[in-house]
Each structure stands twice: as structure tokens, then as C-alpha cells.
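One letter stands for each residue in the lines below.
4 protein chains.
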Amino acid sequence: MTTRIDKALIAEQNAKLEGFVKEDYEALGNKLAREDINIDDITAMAEEFQIAVPSWGTGTGGTRFARFPGIGEPRNIFEKLEDSAVINDLSQATERVSPHFPWDKVDDFKELKEFSDSLSLKWDSINSNTFQDQAGQEHSFKYGSLSNTSKESRDLAIQHNLDCIEWGKTLGSKTLTVWVGDGSNHPGQQHFQSAFERYLESMKEIYAGLPSDWELHIEHKMFEPAFYSTIIQDWGSNILAAMELGPQAKSLVDLGHHAPNVNIEMIVSRLIQFKKLGGFHFNDSKYGDDDLDSGSLHPYQQFLIFNELVDAEYRKQEGFGPNYMLDQSHNVTDPIESLMNSAASVQRSYVAALLVNRPLLTQYQNDNDALMASNTLKHAFNIDVSPILAMARLRKGGAIDPVATYRASGYRQAVAKDRPSNGQSGSGIV
Amino acid sequence: MTTRIDKALIAEQNAKLEGFVKEDYEALGNKLAREDINIDDITAMAEEFQIAVPSWGTGTGGTRFARFPGIGEPRNIFEKLEDSAVINDLSQATERVSPHFPWDKVDDFKELKEFSDSLSLKWDSINSNTFQDQAGQEHSFKYGSLSNTSKESRDLAIQHNLDCIEWGKTLGSKTLTVWVGDGSNHPGQQHFQSAFERYLESMKEIYAGLPSDWELHIEHKMFEPAFYSTIIQDWGSNILAAMELGPQAKSLVDLGHHAPNVNIEMIVSRLIQFKKLGGFHFNDSKYGDDDLDSGSLHPYQQFLIFNELVDAEYRKQEGFGPNYMLDQSHNVTDPIESLMNSAASVQRSYVAALLVNRPLLTQYQNDNDALMASNTLKHAFNIDVSPILAMARLRKGGAIDPVATYRASGYRQAVAKDRPSNGQSGSGIV
Amino acid sequence: MTTRIDKALIAEQNAKLEGFVKEDYEALGNKLAREDINIDDITAMAEEFQIAVPSWGTGTGGTRFARFPGIGEPRNIFEKLEDSAVINDLSQATERVSPHFPWDKVDDFKELKEFSDSLSLKWDSINSNTFQDQAGQEHSFKYGSLSNTSKESRDLAIQHNLDCIEWGKTLGSKTLTVWVGDGSNHPGQQHFQSAFERYLESMKEIYAGLPSDWELHIEHKMFEPAFYSTIIQDWGSNILAAMELGPQAKSLVDLGHHAPNVNIEMIVSRLIQFKKLGGFHFNDSKYGDDDLDSGSLHPYQQFLIFNELVDAEYRKQEGFGPNYMLDQSHNVTDPIESLMNSAASVQRSYVAALLVNRPLLTQYQNDNDALMASNTLKHAFNIDVSPILAMARLRKGGAIDPVATYRASGYRQAVAKDRPSNGQSGSGIV
Amino acid sequence: MTTRIDKALIAEQNAKLEGFVKEDYEALGNKLAREDINIDDITAMAEEFQIAVPSWGTGTGGTRFARFPGIGEPRNIFEKLEDSAVINDLSQATERVSPHFPWDKVDDFKELKEFSDSLSLKWDSINSNTFQDQAGQEHSFKYGSLSNTSKESRDLAIQHNLDCIEWGKTLGSKTLTVWVGDGSNHPGQQHFQSAFERYLESMKEIYAGLPSDWELHIEHKMFEPAFYSTIIQDWGSNILAAMELGPQAKSLVDLGHHAPNVNIEMIVSRLIQFKKLGGFHFNDSKYGDDDLDSGSLHPYQQFLIFNELVDAEYRKQEGFGPNYMLDQSHNVTDPIESLMNSAASVQRSYVAALLVNRPLLTQYQNDNDALMASNTLKHAFNIDVSPILAMARLRKGGAIDPVATYRASGYRQAVAKDRPSNGQSGSGIV
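Protein chains in written order, with numbering that gives the first Met the number 0: chain A, 0 to 429; chain B, 0 to 429; chain C, 0 to 429; chain D, 0 to 429.
No wet-lab data here; the hints were simulated from the structure. Incorrect hints may appear among the rest.
For identical chains, the list gives no copy identity; a pair is met inside one copy or between any two copies.
[What the hints assert, rightly or not] Listed below are the simulated DSSO-like cross-link pairs for lysine-lysine, each with C-alpha atoms no more than 30 angstroms apart in a straight line:
#1 Lys395 - Lys150
#2 Lys395 - Lys104
#3 Lys203 - Lys274
#4 Lys15 - Lys395
#5 Lys109 - Lys15
#6 Lys150 - Lys416
#7 Lys274 - Lys150
#8 Lys315 - Lys150
#9 Lys30 - Lys15
Work out the full structure, taking the sequences as your base and the hints as a guide.
So, in C-alpha cells, the structure goes:
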């Protein structure tokens, strides 16, 4: 594990900042104490917070127009895990990795599990892929996978998902996430109802193969790769499908997969209420499924989503316990840096949401005191919780400043030597 | 009934155009015959087509900035019915009127029923109104109605809906449409889940008061009057509410109530599939709930929606039979003209959708022949069915050219004398 | 001035919080000192910051569906000024008021000027109104004002703007803001080019009447009240019009007047670059021109706009010096509370933008270090500048907590007695 | 030219339909005669109508997720020209081809010109490409091209555009179209003003290299590949850049490159008015830059754009004469079929716009008769001009039904044998 980050380096880097962190942490602690909040309780919860990284996120992303690779990109799942270990070592918030098949398929999954164990990494939700054709694939997904008019194509897609479950069992995963690009580009190309019926029939076969302690997460998306209609185009189709399948089926929310202006935090609330919130793909976006770094554009939206999540925890909402994952495309940054940064950004929203005075908020809501209700949320959001995040990392052995420490480590330059480009992207972007 | 349109005038106006209509009708009949379509069968179906007009649509609309009234606006439900009778006399497609309470409330509903009978008009869905406070109202709807935190306000809103049902029974209506403006303008103002729970609880009380042969239609809307969150913000919340309530509850689609870019025809298909399509509020829009004349901006979208509706009829989809209604705001046109014009526009989409070769379309869909599937729809859409629409009106005693005949009648100028402005709008716009 | 806020009350309320403010201010000062920032310099700049309030914003707003009035609403410009004085007394950031004519028209403008002087209030930009017809108006604006096909209507609109300039001279204003609702609801209703030519011709007449030390601000808006096309629909038409008119004509940006997803901060940069940024109407929105409280939904967008503004100051950009104004509709809150809160929200963005390390940012930009450039902005944004804002108010004699002090004053209840409702809104909403 | 379409086949296919076309043409002619329109005049104008095809459009497109190739795809510009010749032979509306460099770069441009001459094809606008890195490229465009912070990268991009002009001279083109993907993914990544200044400086160097009878077309795009900001994000930045450069610089409108809900026909009008409309990239879209087949989703919008174009011709607007081109991505159809179909779709809008009664429309506009103005456009749109389009093709030697004739020819199957896949796309999609 020569490429791992040296603990001594972390300590050396932290030493430069530790004094300031403690000073700020104390000041913040005093401030929170006035509101009867014990900062160490919050920090302890921040330390517990975990968000999975996507294996494919460790490669440089791109668009249909171009991909501009970086140096030292991981070429296979083992190298992606190495990078993921670096991310977790420094950020201390990403101990789980979410794989994507067949991109991450290996001959020996036990060997893969041993390798991830050796890096102290665990496996999050398994992502199946039926939106691409693989070399030599007998029946194409060009016109759909689980909803294809051809039974052969559907069966291939079903079998792939069942394979994913098998591979996931070996890795210790407990969730299968199904996102399909099925849809149409022309009015009339597809019979909406027939296609949805075929989709549901296929999904029932997959659901039937699900171990009893697994969940099946359905991901909706408004558009892309299909540009007129998409089979699970929104949370409405998503929750209806999940309800048709049964209690182990839930809905997954990717923040970039909605129509413009949609109130996503309200969708989150609805899914919580109907016991169907499976998990998240966190990212940020301005236009479509831009897959930008989480919280980089809309930090308050991210906070409002966590306001719903923390509220559900606070209310001990039945059946609540979503998976958190980053799902981003890093086109102009070092993926390791973006993933560390984004994990901390999501963690920031979680921590800030913990600071909301919920009994007071409830009172304002009951009194229809809109301004003070709004200010109650804003008050928590405006608190700079950076010292808590830094302290949580410090206490767990991570880096106070993950990006600076990473840069100081020379990791990327080091792996660049070991990983001559094979001309392909680890990100799955074509 | 001195204000009604003189049959002789209609005949005289029609006489000028009848020759051309017959010539075009014959040419189109020949063309359709090549595709094994009997034009008279289509015309007969066009004659059967009916779409309700909203009582409030007969008044000039406006915006929060201004309302510029026209002359001779109806000042009460009796005058609105007079105008509606004109619309139906000329267009022959709008024999039903949808009232709005309390705007159209009268002391004696039997008298109102007799008046509408005398005009050969029937009553469509009853619209309740809990998005405004009425003079002297004891408990305000400022912070919501069916979902208000105050039980008094909720009870008031429930009772109003129960009253609407009673009034509707007298009028012979069979549907109650519930649209509420409940929502919030500030993050935190409302607890999403609690509010939705209160809404469902209130709706259950209304549902309990529904006669067994009635339907309850729920209308969703993304925003306005609430600008951060709306309780039934989309078809997802809508269908979940309808499912919670029971089989008599269905979802109503207003074309202007969705997020930008949303595929509305697909939502229509989903509601059909899950036996929850209750009806439509037809209008057109470019930005928000613009309430423009139906089909004036997006005629192909309107056609694609009717493609779904005709397909459901064609497939004899169980539980299918939605209400059709116009819901428009006529800010710069004579409402009577816009309503006649819009009824014909919707009828045009219906007729064009009847011309789709469905077995051929199915074959293209099964073959994934996207281009020819698309062209099959476009082929039907491109056929100019104006002669069929004109012939349908002619055969039923209406006007070949409703707007020209209306203008020739001098109706508006005549009623302007009888209806001095009372400074208020019949449109309900404040 | 019995309704003004008692200085003793402010002092009493401040006394409760002053200790905490000083403690937090000191901690923040220490933190900023590490970055070579003197907190008192920042606080001094915060004290200088001013944003105008709109006279009409002191009344409760509404939508086309309803307006739910509050108690004690101002019924004329004198009462609006009383409320504005309260806002400025407590927030110390709103010494200017922007009037709207003819809503605020008086017989004696000298008397009005003396009254505002007595309240230590100044006059910001004059807003003309040609989007409504006034009682008895000879030529209607129903089909447009400055671009109307009727010369009589255009001349009326031109004259009203020239009148506004005259009234503004007496009040000491230096800017005329022109927003028109001109546009169309139907394709074909208006000839786009002819209408824009008429608009430009009318504007040239107004421009010709502008004193040499005044500016003419043009406000663009995508839609509403016109729902198909609007004459100045975006910043493109806006800047072209401003360029046609001359150097005293500039563009005004209302944050809620753009298409979904548009990058507003980039538009701000373009207007700065071309020396055409006249000013702002600050508010927040999610869907359309929602006119929500500034920064209540998108605080980071507000910060990014101020990042451009502070950057222009920092670069001493030629011809830079925009007007800042709030333009909000307060439908569910006390307008005084919302305006104080929003002024502070905008001030927060300004102060945070002052904390951006610009030389460092420039270096990251030159190096294409996207992540660190982004983090440099986020670092400033995440700093909780509440202590600076509170200290700025405290040092100027305002309230540490404006809303709490206002509530403690009982002002609203007091004026409610003096201002029995006249059934009309001071907000201009119909 | 063994792969060309056999004239005899066209004749044979036409023979089956010619009788119907003549019958429909005569009926339509009679109908138009009533409106004093001579159908043959319109057909003559339809015959003149030309729209260029993009060389890259002949290859199957794709998304960042996948590309599903078809059979017989062209592997180089010569094969793309062969396909283009087929398109023009059958559609008779696409005699020009627009190349894309370096995709279509050859060693000997004279040879390429001779080849295109042999196919009776001409060359439309040259498209430069600085949104991708080419193999071995010394200075990357990862962080921008014409606006890159690195002078080396900028110079490379400038030189490429100057090269394009040289190549275009040999081919007989008269236009260079510049679209760049320059922009940013993170707030702060780019200094908006500095970047735009660098862009303008680079463009001035390109403009200086433009022959005096050429035009330089600037293409704006809201987003993608950059997802936070794009340097020429809208028509506002576009026209300002064109004005800075000079009279030979104009703006190009791609229908898919705007914010949601934007009124594109109004932008077209503005560009016409300011003498800056350079040309079009026609396609259709629902969500973003979907690059769907022109007119497949929004036929009325396409008509409204042509209403502006035909109106400018009608008014003999100075400096008017835009280039028309298709720019589509054919992901699920045979590109040849889609391009023929789309050319006819655009032609349909042009022909329908010719049928608008402009003097009558002007009168309705002057009278503010919104309904009849709208109906005047709709009347023209609703006329089924298919017989005119078919007759225009027939008279020029093309196919009455291009798709059916193409399928009957077996062209695709034939070329599939000659063009074994090289694993790369002719569409430029990565």
C-alpha cells in the first residue's frame, strides 16, 4: 500500500492548523452553548456521518463532446479502491464504495472483497448498467433494456441485474440500484403504457431474486439519454413502481434528475412519509443532470434536504434510513479532491441541520409565523460549522484540510507513474 | 331570451361558406378514403365531442398587476349562462358549464337549474374555492384551507366543499373538483408532512360526503399562489392522495400546472394506466399557469395528449372516461370568442387523433421504427381537419365560422347596454 | 412622530444581546485577522451599505387569486414613509425609499419632501406605472403603453414618465426606472419589430426629458403580465435599448425576471463590462417573478452577484455604481419585518463578498484551479458574518435584532388603530 | 457512384403516388385560389428552398452514456458526402453540406471539392472545433480555447479557425461558424469579464483573417459542455460580440441552445432588426440541447420562426439573408432518413409561412384584434401543405415519399457491406 497517504504527513499538516481549529471550535462551542447545544454531541454525530463514493467518480468525467483526462487515472476497480481509500483516509466520511457493473466486474469477487477489506473499505449499493451495450452483446439495449419490446433484450437486462445481486452478496452489499435509460426520442416511438408494463414485469423478476435483507432502489430521471420520454421520469412513476413491487423496493433521489424549479426537499418529504425513501445520489446542477460537485451551487437546497432528513430522524419516522452516496462527474478537477470536498459539503449540511431548533420551529409553524420559521432555518444554516467538521476529521485521524494534505502528499503524481493511460476512462463516460 | 343568437343569422352566415365547406369536405373525404377512413364516421364522432366551459371564463381575466375589463361582461351566473349559451349555440361543442362557488352561489339553486335547462345547458364539475377569504369569513385561509394548522379554518374549508356537493346535486352535477392554493412562501414555514397529513384528513371528510355516483377530482399545481411549496404540487402527490381516498377520487390535469419541460402526455398515460385520470382543465401556456387559449401555442402537445386519450378509448381501457373542460383567462380577447375558438381547437386535436392509424403505429412501435412511428402521428396531425369541424357544426345547427357569426350578431354590443359594469369581474380575478 | 420606534426600547433590547455580540465579534475578528482582514474595516463598510425600500413593499402583497391583508397597512405614501422610517431606524441600512407613480402621487410634492426629510429618509429611483389604467384614463394601456399601436396611448405613457421626472426632481431623486408590461398573449398579436421600434421611439422622447445628472433605468422581465411575448424580455433587449438611447440609459436587473436556470451573476458581469449596469431589484424566487424575500431561497446566488459587484469595486471598474433596491411582495409576513430581514440578508452577501481573497482567487483562476477557486468563494460565504451585521447596526444606533425589537415595540398594533382599512392595498396589487 | 439512388427507382416509386399527389394538389390549389394564392407560385418557392446538412449528422449520434451505432455508417468525409448526395437526390432540398474540422480534414481539399462537385453538392458554412483536444495536441482546450487563460492555447484555437477559413476557400464556402464550449463548472473558476475580453481579443484576430465576402457566425449556447457558465451563453452576449467585431460578424441561432420557456421567434426578430441574424442550426428539443429531429416536437414554434423569416423577406428587411442548416443527433434512427424528413419538416414551415395573409395580419395587429391575428397564423399553419412539398420534389426529380423510396433502394444495406465499422463515429460524438 505504498500509495496510501502517510499518517505522519497527515499529522504534520494538521499540526499547522490544529491551534486555529481549537480556537474556533471553542468559540463556536460557547456560542452553541447559549442555545443549549453541546458542541461535542454534534461533533460526535458528524464523526458518525458517512457518505459512499461511486467507484466511477474516481475517473475524470466528460460530456458527449469531449473528455479531457487527467493524469494517473485509475484503470480498474482495484485502482479505484486505492483512490477511494485516500479519500476516506483524509475525509474520514467515505468508508463505503459503490460499484458499477459491468465496469467493475472482476473474475474473482472474493479477491476484490479481500482487497477492499485490506483498505478498510466497505461496499455500498450495487449499480447495474443496462444503458450501454457491452462488446459482443447478443441483444442490444439501443431501444431499451427492462422495457424493450424484445423479450431477449429484456431477459438479458434482467439477468444482468440478478448477476449484480450475486456479485453484491460476495462483496457484502445490501442494495441494488436500478437506473435505466429506457425511453424515447420521438413522440409515438414508444407506447407509454405498454413500455411501463414491460418495465414493471421485468422489475418483478429482479425483485423476486432479491435476498430478504436487501433493498431495491429505483432511480428516476427526467431526461438523458432519452430526450422525449423516460420510463421512470419522475418521483411519481418511481414511487408507483416501488409500490407495485413491494416493501423492499424504494425510490432513490438524484438531485440532478428533476425538472427545472422542482422543490426537491418536498419530494424527499413525500417519500419519507410514504416509507419509500431509499437513498440519494448527491451532486449539484444548474441546467440538467450536470453532475457538479455537491453543494457547489445550491448549498441552501442541500441544507433544506438535510433539514427533512434530520427531522425524520428527530421524529423517529418509521422505516427511515436512506443510503447516502455522491454521484458526480469531475470534468475539470482532480476527482479525489472533488470527492473529499463534496463529502465535507454534504456533511456540512447534515451538521447544520442538526443545529435547527426543532421545537421552536414547530411552534413557529403552528403559529404561521413564516418569517421566524424561515429565520430559524437560516440561523442554523448561517452558523459556520467548519470547526466541527475539522474537529470530527481530526478526532478520527483524518486531515483538517483534506485537499491541502492531499496535494502535499504528491499522491496523484506518484500514481501517474504507475498508471500509464490505457486510453479509457474509469468514469464510464464513453 | 332576446340575447341569444338568431338561427336565421347563423343560417345566413353559413350560406356564404357552405359551398366551400362541402367542396373541402369532399376532397378530404376522398383523401381519407384512401386510408380506409370514412369521413362521415369521423364527423359523427366530432359531433359527439363535448368540452365544458368554466363559468368564470366568460368574464375578462387579468393578472396581479391589472385587469382591463371588456364591455358587457357578465355580472352573475345567470348572465354567464347567457354567454355560455351563445358559445354553445355557435360552437355546438360546449353544452356543459362548470360553476365555481361561492362566486356562482345563488339563493335558489332550483331556479338556477331551471334557467340552465331553458338554455339547454347542463352542469359539469363543481369547483370549490378555499383560496380566497369571503367577506366576513370567520376563519381565514391566508395560511391554508384544508391543510391549515387551525382546525377552525380546516373545518370551514371542509364544510364549503360539502356545501358544494349539495348545490351540485340540485344542478345535476356528478363531480367535485378540489383545487387549493395551500402551501408556503418560505422554507420552514410549513412542515411538509404534517401539512399533507392534515390535507388528507380533511379530504377524507369531504370524500365521505360524496354521493356514490360522484367523483372527486384533485387538481395539482406546481406554484401560485404559493411560491415555495404547494401541497399538491404535482401528479405524484395528486395520485397518492387519490389512492389514499379511494376509487371515487381521481386526478385532474390542468395543462399549465407543471414544471417546465415536463412531458404531460406521459403523465396522462400514467394516470390512465392506474385508473386515476379524472379530467382536464385545458389551456395553453409558455411560462407558468398562463391560462392562454387552448392550443394557441402548443397545438402538437394538445394533439399528443389526445393521442393518449383516443388510444385509451381504442384499447377500451378499464375505468377510462375523463371530464374535459376549458380553464382559461381571457385578458386581451372577448371571452366568448376565445372559448368558442378554444373548444374548436381541442376538438381539432381529438379529431386528428382519431385519424391515427393505430395498428400501423403499434407495428412501428414493436419494430422500434422510431421515425415511421413519429411520422404516423405527424401524418394525422398534418391533415387539415377544418372541413370536418365545420361540417360537424353545420350538421348540428351551429356556425361554420363561429367567431365571424358572433361578430355579425352584435351580441356583445347588445349585452353591453343591459349590463352596466358593477366594477367587479365575473372572472374571479381579484 | 408618536409611531416611531423609541430609542430607549432599542437600547433596552440591545442591552440583552450586546454581550454576546461583542464576544462573537471578537472571535470573528481574531479569525479574520489570520487572513489579514481587519474586522473593523469590514464593519465600517457594512455601516455604509444602503439598499432602498419600495414604497409599495410596505403594504401586504397578493396574487391574482387573492390578497389577504394584514392589520395596520399603510393607506398612502405618508403612512408608507412612516413604516419605512421604522425599517430604517431598526435596520440602519434603508435610508432611501423608492416611490411608484401614480400610486404615491400627491398634490403637493414639496410637502411630501418635507415629510420625508422629517423622517431622515431620502428618495431613490422613481418608478413609473403604465401597466394599469387609472380611473377615467382616456386612452387605455390594455394593449400596451410605450409600444401601443395607438399614438394617443403612447403619448399618454410618455407624458406620465415625463411627469414622474418632474415629481422626482422635487423629491431629489436622480433616476427614473421604466418597467412596462407591454407584450402579447397570442402569437401574431404583435409585430415584434414594429412594437420594439415604437417602444424605442417613445423611450427616446422620455430620454430627451431627462436632466443631465439623471439616469434612466430599463427593467427587463421575461413574462407576466404578458404571457407570450414581452417587449423587454431579457437583458439582451434591455442593453440594446439602453445602447440606442445613450449613456444615461442603463439596465436594471430584477432577480426574478429571468428564464429558469439562467446565470444571473454572469448577466451582471456583462452589464458591468459594457458600462450598462444601472441597478437591482432584489428579491428571491423559485418559479417565476415570485417576489419572495431576498436571499430566503438562494443565498449563494445572492452572494455570487455581490461577488461580481465587489469585484467591480475592487477593480475600480469605470462607470460602475448601481442602485440597490428591494422589490418584494409580502403575502404572508408583516412587510416591515420582511423588509428589515431582507435588507440584512442583502447586506450579508455584500459583507461576505468583501471577505473574498481576490488576489488568491485571481491566481487560482489563472491556474485553472477550479476547485480552489470555488473553495475560495465558499470559504468567504461560509463565514458567519452575523456579528459584523449586528455590530454595524449597533454602532449606528439600530437594533441588534430588528425583528425582535420591532415586535417588542408594538408598532403594528399601534398603527392598526390609526389606520382603519380602506379596502385597498398599499402594495399596488389589484 | 454505384451507391447513388437509381433515377428509375425514384420514378417507379413516384408512379405509385403521383395520381394522389395531383389530386390533392388540385384540391389544395382550388382552396388557396379562394384566398387569391396561386399554388404554383408557392410550389416554385418551395422548390427554391434549401437547407444545408451537417456532415457529422450522417453518422449515428449518442450521449455521454452510450452510442449505439447503426450499420453502414460513413467513416470519412467522402462517405458522408455520398450519404448527403442520397439525401439531396431524394429530398431535393439539401444541396449544401456543412463540414466540421478537424473531423472532415483531408490532405487534399481540391480533391474533396472535385468529389463534391461530382455529386452536385456545394459547401455551406465551415464549422471549427476547439471543444476537443486532438491527438498529440500541444496545448489543451480542457480549460477553454479562445478564452483560455493560456496564450498558447488561445493561439492554437485562433490558428485552427484561420486554417478553417483557408480550407473553406478551396471548398467555396463563404462562412465560418464558431461555436466554443468555453466556460466553467464552478463559481469562481473563471473571471467572467476577463474571459470574455480574452474571447473578444481572439475573435478579432479571426475576424481579421476573414475574406471580405465571408461572414463570421457566432453560435450561443446556454450550457453543455460547461455546466455553470458558458462564454457565449445567450443571444445577448452573442450580439454584443458580433457588434464588437464588425459588420461581417453575425449571430447564429441553434434552436436547442436556450433557457427553458424562452421565446426564440422573438430573438430571431431582434437579430433581424439589428441586422445580425447570420443563420440557424435547426433541430428540436424538449429539455436541453437534445438535438432531436427538426419539427418533431414543436412544429408550431418552427412555423413561428419562419413567420418571422418570411415576414422579413416580405418587408425586404435590409441585410437579411440567413443560412439554414440542420444540426441534429440521430441516436435511434437512420441518419439519412432523419435528415430527409427534417429537411421536409423545415420546408413545410417555410411554405406554411408563405401562406400567411400579411396585409390582413397587419390590420389585425394594428387593431389589437389578438384573436383574429392569432387565427390568421393558425389558419396558415393548419393548411396541409404536403401536396406542395410532394409536388416540389416531384418537379425537381426527387421522391414524393423520400423515406419509402430510400428504403426501397436498399442503400443502407448496400453501403454496410462497403463500410465495415472502424469503431468510430462519423458524428463526432466521443
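30 angstroms Cα cut-off: does lysine 150 pair with lysine 416 within a copy, between copies, both or neither? For lysine 150 and lysine 416, the Cα distance is within 30 angstroms only across copies (29 angstroms; inside one copy 47 angstroms).
Indicate which option fits the pair lysine 203, lysine 274 if close means a Cα-Cα distance not exceeding 30 angstroms: within, between, both or neither. both (19 angstroms within a copy, 21 angstroms between copies)
For the identical chains here, do lysine 395 and lysine 104 meet the 30 angstroms Cα criterion within one copy, between copies, both, or neither? neither (32 angstroms within a copy, 57 angstroms between copies)
For lysine 395 vs lysine 150, is the C-alpha pair at or below 30 angstroms within one copy, between two copies, both, or neither? Classified as neither; 51 angstroms inside a copy, 45 angstroms across copies.
Pop the pair lysine 15 and lysine 395 into one bin, within, between, both or neither, using alpha-carbon distances up to 30 angstroms. within (17 angstroms within a copy, 39 angstroms between copies)
Please work out whether the CA atoms of lysine 315 and lysine 150 approach to 30 angstroms or closer within one copy, between two copies, in both situations, or in neither? between (44 angstroms within a copy, 25 angstroms between copies)
Under a CA distance limit of 30 angstroms, which applies to lysine 274 and lysine 150: within one copy, between copies, both, or neither? between (32 angstroms within a copy, 27 angstroms between copies)
Alpha-carbon proximity between lysine 30 and lysine 15, which holds within one copy, between copies, both or neither at 30 angstroms: both (25 angstroms within a copy, 15 angstroms between copies)
Within, between, both or neither, where lysine 109 and lysine 15 count as close if Cα-Cα is 30 angstroms or less: neither (42 angstroms within a copy, 64 angstroms between copies)
The structure is inconsistent with the numbered hints 1, 2 and 5, although it conforms to all the rest.
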